[in-house]
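Protein chains in written order, with our numbering: chain F, 1 to 300; chain W, 1 to 334; chain B, 1 to 313.
Keep in mind that the hints were calculated from the coordinates and are not lab data. Since we're looking at a predicted model, the values are computed, not measured. Any given hint could be a false lead.
One-sided and incomplete, this derived list gives chain B residues near chain F with beta-carbon spacing under 7 Å [as the list claims (entries may be wrong)]:
hint : residue
1    : Ala18
2    : Val19
3    : Met27
4    : Gly245
Glycine is no exception: its CB is placed at the ideal position from the N, C-alpha and C atoms.
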Amino acid sequence: MDETVKKYTTRREFFKQYKKKSRLQETWNRFLRNKLAVIGLFIIVFIMLAAVAAPLIANYDTDAIRINVPDRLQSPSAKHIFGTDEVGRDIMARIVHGARISLVVGCAAIAVALFIGGALGAIAGYSGGKIDDVIMRCMDVFLCLPDVLLALAIVAAFGTNLVNLTVAIGLAFTPKFSRVVRSAVMTVRGVEYVEAARTIGATNTQIITNHVLINCFGPIMVQVTLYVASAILTIAALSFIGLGIQAPIPEWGNMLASGRVYMRDHAYIVMAPGLAIFLTILSLNLLGDGLRDALDPRLK
Amino acid sequence: MEIKKINEQENTLEIKNLVIHYISDEEVVKAVNGVNIIIKAGKTLGLVGETGAGKTTTALSILNLVPEPQGKILSGEVLLEGRSVLSMSEHELEVMRGDKVAMIFQDPMTSLNPVHTVGHQIAESIEIHRKVSKHQALKQAKEMLELVGIPSERSNEYPYQFSGGMKQRVDIAIALACSPDLLIADEPTTALDVTIQAQVLKLINELRQKYHMSMLMITHDLGIVAEVCDEVSIAYAGRIIEHGTLEDIFDHMRHPYTKGLFGALPDIGVRRSELMPIKGLMPDPTNLPSGCPFHPRCDYVMEVCSQSLPENKWLSETHCVECHLYKDTNESML
Amino acid sequence: MFKFVVKRLIAMIPVVLAVTFVVFTIMWFVPGDPTNIILGNEWSEAASAKLKAELGLDQPFLVQFFHYTTNLVQGNFGMSYITRAPVAEQLMARFPNTLMVVAGAMLFCVGVGVPIGVYSGVRAYSLFSNFTMVVGLLGISFPIFWLGLLLILLFSVYLRWLPSSGLDDGFASLILPSLALGSNYMANIMRITRSSMLEVIRQDYIRTAKAKGVKARDVVVKHALQNSMMPTITVIGMDVGTLLGGVVLTETVFSIPGTGRLLVEAINKRDTPTVLGCLVIMAVCIAISNLMVDIVYAYVDPRIKAQYGGGKD
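Isolated chain F, as found in the complex (with noise of 0.2 Å):
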C-alpha cells in the first residue's frame, strides 16, 4: 500500500509540473497577443534598466546631488539631454537616481502590505466565520480613509526618513491587499479540488501551499503590480507637498515641487520628473492589465 501511494505521490507530481507548464505557457502567450501590455513591459523594463545602471550612467554625488549653481537652469542641450534644475543639477542624472528610489521604495512597500495584508486576507479567507468578521471589519475601517490621506497621518506622526515613509505606505496599502488575498483564498478555497485533497488526507497547510497559493498566485500578481503604481504616486505625491522623500534626495515628485517655481520661465524643468512618473505609473498599468486579461480570457 505505501508502494502504491508512493508512485501515485510522483506521478502526480509529475503531471502537475506537466499541467503547471502548460498553462504558464499559454499565459505568456496570451500575454504576448496583447499588444499594450508588451509595450507597458517594454517600458516598465526600461526604467528598470535604467535604475540599475544609474550609477553607470551617472554618478550620484557629483551629477546628482552637488550643487553647481553657475550652471543653473540650463535649458536642455547635448551636454544635459533634459537640462539643469535650480541649483544646476542635471536632471537626466537626478531622472535616473531617482528611479531608483522610487521603485526600490515602492515594491518595498508593496511588499510590506502584501506580506502584512496577505497573511490576514489569507487567514480571513480561509478560516470564514468569525474570525473573518473581525478581521475585515478593521480592515473596513481603514479603507474610510484613502490611501494619500492615511499616508499622509502615518508620516505626520512617524517622520520621513525613508524606512518609515515605507512602512507608512505599506501600511495604507494593507487593508486594500487584505482584501484581494481574502477573495482569492475564498473563491479557491470551495473548488473541488480542494475537496478532493482533503478526502486523500492532505492537512491543511499542504492544501494551503500546493493548491490554494498556487491558484491565487495570478489574481495576486495583477494586483501587486497595479499597488506598485499606486504606490509610486503616492511616493511621488507626498515627495511633492514635502512630506514623502526630502531633498536632496533626488526624487520625481520633489523635483516637480522645487523646479514648480521656476516654471513660467523654464517649463522644461517639469517636464522630465513629470514625464517619468507618468511613464512608470501607465507602464505598470499596462501590464497589470495585461496580465489580468491573460490570466482569464474570459474576461475580455
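Given the coordinates of chain F, work out where chains W and B should sit on it, guided by the hints.
Structure of chains W and B alone, referenced to chain F:
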C-alpha cells in the same frame, strides 16, 4: 389578442439558401450553410437538430438579429409574408419585430430585464405596436398574464420573484401580446422540468390554434415534434438534410442521420434492445468535413460522400432529402 | 426606504468613530511636547504643567480620546496649537473651498465621463470606442499634480485664459483645479461605464427587447442603462475618497485655501488638533458618500430595494 384573418395561399415564411458565418480574428464559424425553409400559413414547422446545427442562428436571421459584428449573412433571402427581411431598414425592422413575428428564447432565466416589472415588459410590446395609452397597455398586459396562467395581480412583480416555468410563461405572454403572424419558439421547454414542459407545450399549442399563428418550433426533442408540428426539417451542420410532413419523417425516414436520431430513442416496447447512438460527434463548425458533413459518422458512407455535397432530391410532393444514397432514386422505387 | 436610510445612518456612526480612533491613535505618536509649540517663548515647567492640565494632555490615552469625541459631537474640534483659535473656525472657513473643487471635479467626471462611457460601450468596436479606451488608460495613469502644472503652463502662462492660483476669479478659477483633480476619476468612470455597458449589451434580455421591436435608442436608455449603472455608481461613490486625497495635491498646485493645504501646513507645524480635525471631516465625508451610494443602489436595483423593505410589503 386579436384573431387574424389568414391568407391561406401565402407562405408566412420563406428562407432561401441562407448562409451565415461568424467571422473573428482567429476562426470562421460556419453556422448556417445554405438553409431552405418554408412555413405555410397557419402551419407549424419543427426544426430539429442537435446543438450547434445552426438552428438559433437561422431563427435570429428571421428577425435580422444575428449578433454583429461577428455574424455575417453572406447570402440568401428571408421572406416574411413576401417581404425581404434582410433588406429592411432599421425602422421597418422595429415595426415588424414583436408585431409580425415574435420569438421565445431558450433560457427563461436570463431573457427578462431584472429591473422592470413583468407587467411593464409585456405592456411595452403593446405600447410600441398599438397606439394605446400606457394605462390601456398595462390592462392588456394583465389580460395576457391571465391567458398564460399567471394571476394578473402579479404584474407588478419583478422577474426574480418568479420561477423558471413562470418566467417562460411571461416570455410567451410578451411574444404573443401583439398576435404575431409567426411565432418562433427556440427550444422553449429545454430549460424546464418535465412536468412544466408539458404545461408550457400545451399552452403554446392551445394559443397558436386559437389565434391561427404559424410557428417555427426549434427543438431537439422528437416527442415535442410529434405533439405540435405539421412538418419537420432536420438540420445538420447548418444544412437542412431532410424535410417532410410528420408522417414522412416519422414513418418513412430516409436520411441516415434521421434514422440515427430515431434509433437513438429508447423504445418502451422493446426494453431489452440496446440504445443505438450515432457514432462520433457533431462536426466542428470551424472545420467542417469535405463533401457531405455527415459522412464521417455515416454507416452507409460511399466514396462520393467525402467528395461532393449531395443535392436536394424530392422524393414526393412533400418529402425531400439531401443524400447521395437517393441521387438516382425516383418515386416509383419508394 | 426611510427605515433603510436611518439604519444606515446609525451604522455609519461606529465607522466614523472607529476611523477617528485610528487617526487619533496615529497622531498620538507625534513626537514633541505640544506645550513647546503653544507657549513658545513663554515656556516654563510650571506653565507647561498648568497648560497640560488645562488641555487634559496629562490624562491617559483613552480618557483623552473620550473627551475628544464628546467634544467632537458638539462641534468642538479643539484648539489649534499654533493659532490658538478653535479648529472648527478654520475648518469652516476652508472646507467650503475644498468642497467646491471636489464638486467641480465630480460634475466634470460624471457629466462627461458617463455619457462617453455609455456611448463607447454601445458602439463597441468603433474608432470612438477604441479611442476612449486609450484615453481612459492614459488618464488613470496621469499624475494629477503634474497635470495641474501642465494645465497651468498651457492655460495660464501660455494662453493666458485662466488664472493659475487662488479662488479669486470665481468660477474661472475652479476650472483648472477641477479638471486636474477629476482627470483620474473621469478616466476611471469612463472605463468602468464602458465595460459595464459592454457586459450588459451582451445580455439575453437586451436581445428580448430588440426582438420586441424596441427602438435602438430606447434599448440603450430604457433597458441597458439602468442595469449597467451599478458598477459606475460604486466607482463614483468610492472614488470620493480618492478625490479627497487628491484635493490635497490640487490645492497645493493651485494655491487654493482649502482643507487640504490646511492639513499639510498643520502637519508641518505639528498642530495635531488641526490635523485631526481635517482628517475627521474628510472621513465623515467619505462615510456619507458611501451611504449615498448604498441608497442609490437600492433605488436602481429593485432586488436590493426589496431586501430593505422598500417595495410593496
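Which of the stated hints cannot be reconciled with the structure, identified by number in ascending sequence? The structure breaks none of the hints.
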